[in-house]
Structure formats: C-alpha cells, structure tokens
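Throw the hints in and build the complete structure from the sequences for me.
The sequence shown runs 1 to 382 under my numbering.
Honestly, the hints are just simulated from the structure, not real lab data.
Treat each hint with caution, since some may be false.
Said to hold, decoys possible - Pair by pair, the computed Cβ-Cβ distance ranges are:
{"no.": "1", "residue 1": "296", "residue 2": "154", "range": "21 to 31 Å"}
{"no.": "2", "residue 1": "292", "residue 2": "341", "range": "20 to 30 Å"}
{"no.": "3", "residue 1": "44", "residue 2": "198", "range": "11 to 21 Å"}
{"no.": "4", "residue 1": "333", "residue 2": "199", "range": "20 to 30 Å"}
Built from N, CA and C at the ideal position, the CB exists for glycine as well.
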Amino acid sequence: MSKGTIKRKSKPIPEWKNEKEKYIILAKKKAGIWTRVANYIFEHQIELPLKIISAIILSYLVNPTPQNPFSKFLFLSYPIQKSSSDEIQYGKGYWDIAYIFFWILVLTFIREFTMQYLLKSFALYAGIKTKSLTRFMEQGYIFIYCLISTSAGSYIMSQGPYGYFNTKYLWIGYPHFLMSPSLKHYYLIQFAFWLQQITVLLLKIEKPRKDFVEMAAHHIITCLLIGGSYLFNFTRIGNTVFVTMDFTDIWLSFAKCLKYLELPSIITDMMFVFFMIAWIYTRHYLYGLIIWTTYSESCLPENNKCIWDPLNGYWLTWWSKYIILFGLVLLQILMVYWFSLILRVAWRVVTGKNAEDTRSDIEDDDDNIIANPEECKYTKNK
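This is how it looks when you write it as structure tokens:
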C-alpha cells in the first residue's frame, strides 16, 4: 500500500438467521412506495392511530368549546333543537366527515388491540394452531363488533315506527332529514367501520381469500349504499339493512371461531346449520322485503311526497327509486352467490363431511412466502 492512502473498512456481510428472513428484509428495501406505506400501516396499527387520536384530543383540550374545529372530530355536528322542551336532533353536513375519520382511527386501534392483546391470548391458551391463529383473531373481532352493532341497531329500530320491518314507515314522512343522537352516532360509526374494512381489504392487512374480488365489490357497494342513504335521507332503510347483515355475521364469525378451536364436528356442523337458517331469513327474506318495499311502497301518495327537490331534502321520485333498487339488487346478487357456496358446504355436511368454508384462505407455506417476498407484511402473524 502506498504511503498516505487510507484503508477503507469493508462493510460486514450481514448474517441472516434463515433464507426467509433474508428475502423479507431485501424485499422491504426493494419494495415500491405503495408497498412500503401498506407495510408501515400494517406494522403500526396500534401506535399510528393512537398518536393521531391523542393529537386530536389534545388539540381540542386547548380550547374545549364547540368553536374549536377539533370538536367536530369528537362530537356530532349540526344539532337542531326547535324548542327547549324538545329533544336535540341532528342534521347532516360536511363536518360529519371529520367524525367518520376519527372513528376510522378508533376502530383501527380497537381492532388491532382486541386481536393482539385479548383474542391472541385466548387463542394461545386454547391451543389454536399457528396457521389458524390470525384467522381466529380476525373472526373473533368481527363477532364482537357485529354483536354490539346488531344490538345497537335493533334497539334504535325498536325506538322508531319502523321497528321490526314495519316497511311502510320506512317511507312515511320522507324526507327523514333529522336524526336522533343515537341514530346518527350509529350510522356514522357503521360508515367508519366499512371504510376501515375497505382499507383492511385493499392494503391486504388480512390475507385475501379466493373470493377477494367479490368481497371488494361487496365492500364498495356497501359503502356507496351507506353514503347514498345518508346523503339522500334514507337512514331508516339503512338501519334495517345494517341489522339484517350484521345479525348473520355474528353467527358466521362465531361458527368459524369454533372451527378454528377444533371442537368436535357435530358442534361446528350444528352451528353452521343455525347460521344457514339465519342467513336465509335475514339476507334473503328480510332483505328481500326491503327490496320489495323500495319497489312497491316508496312512491305511494299516502306515504310521502314523491318529488324531486334536493334543496329541501326530497331525492325520491319514480325514477330515482330505481337507482336505489340497482344498488340493493347488486348486493343481493352477491348474497345469492355466497349462498351458493353455503349450499356446497351444506352438501358436505349432509354427505358426512364436516363444514368447511369453501372460500378457504389462500394459505402460503414458507416456500411461497419466499417466492413472493413483497407480501412480507403477512409474516408478522404467521
């Protein structure tokens, strides 16, 4: 070596624990911006929303008054009270978006916290296999959420004249511009839940199933129906649709949890039969009533003024009802498709095989993970 030259230290060659770790780390370095963002959100589902939630709450506490714009994230906007003796009701407006955004953060935090610190501990105690651990936690969270949402939705229905699908009152007095505090809370939180579910699906925070496209279509149609019904003053119909859908999801997710617990097949098969009955009754019979009343009762003269006057909240005419019907029927078509899969499972039960979800997970073994390293965000829960 010539005098005056500086010897450079060579970079140490990293030591990988195994080939799987090597491919995962290299994939993270080579991943595009979208994949990096998705991975970051996946890996910080507790810390990230908690930081934003804390920032919003602290910003409100600096000036805890309705004039503080951060109050719109924490409390319902547009209160209306005609007289001091009347109950406060609520209208609609752009600030509702802030409330929805806040609850997307809250539900993201609750979902991950519930899965990682409550359901995971129970699953490990129950001896659930590693392969089924993440699915059990996901379905356990859906079970808890739908149990709460169905109870809340049923209670709100019981407080109104349209309780237990008294369908003519879905239209009498339209437009239903004003909402009770409980109905508005319920509706916006449900909207936040489904927007958060779309995020979970599209960022692939949950591993996709074979019916990924159908599930994505379902979530998008659902969010369009929720947003449209809220904007166009069809919240009574939305309330009834939520209850029909969420009630069935209670039993679907519960049946799957029992399956992952590897209980005797007679128990899981009996739960599947109960779920199947609930599906037929709520998603085809009761939901069918909603489709029928939209077609036959929505524009009856004795029910409401069927006029087009958006500035005063009147969005329902003889032709606009077909736009509503289009969305409702699209959702029913997806329900019929999934019911055909349910019948396949029922046939397995009848022929002596146990109930198995035909939309089975796309399970990847270690070799597949290495072959597709950009999906490294799944490995955290493997």
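Hint by hint, here is what the structure shows:
1. 296 <-> 154: 21 to 31 Å: The hinted range 21 to 31 Å holds for residue 296 and residue 154, with Cβ atoms some 25 Å apart.
2. 292 <-> 341: 20 to 30 Å: Between residue 292 and residue 341, where Cβ atoms are some 25 Å apart, the hint holds.
3. 44 <-> 198: 11 to 21 Å: At 19 Å between Cβs, range holds.
4. 333 <-> 199: 20 to 30 Å: holds (25 Å)
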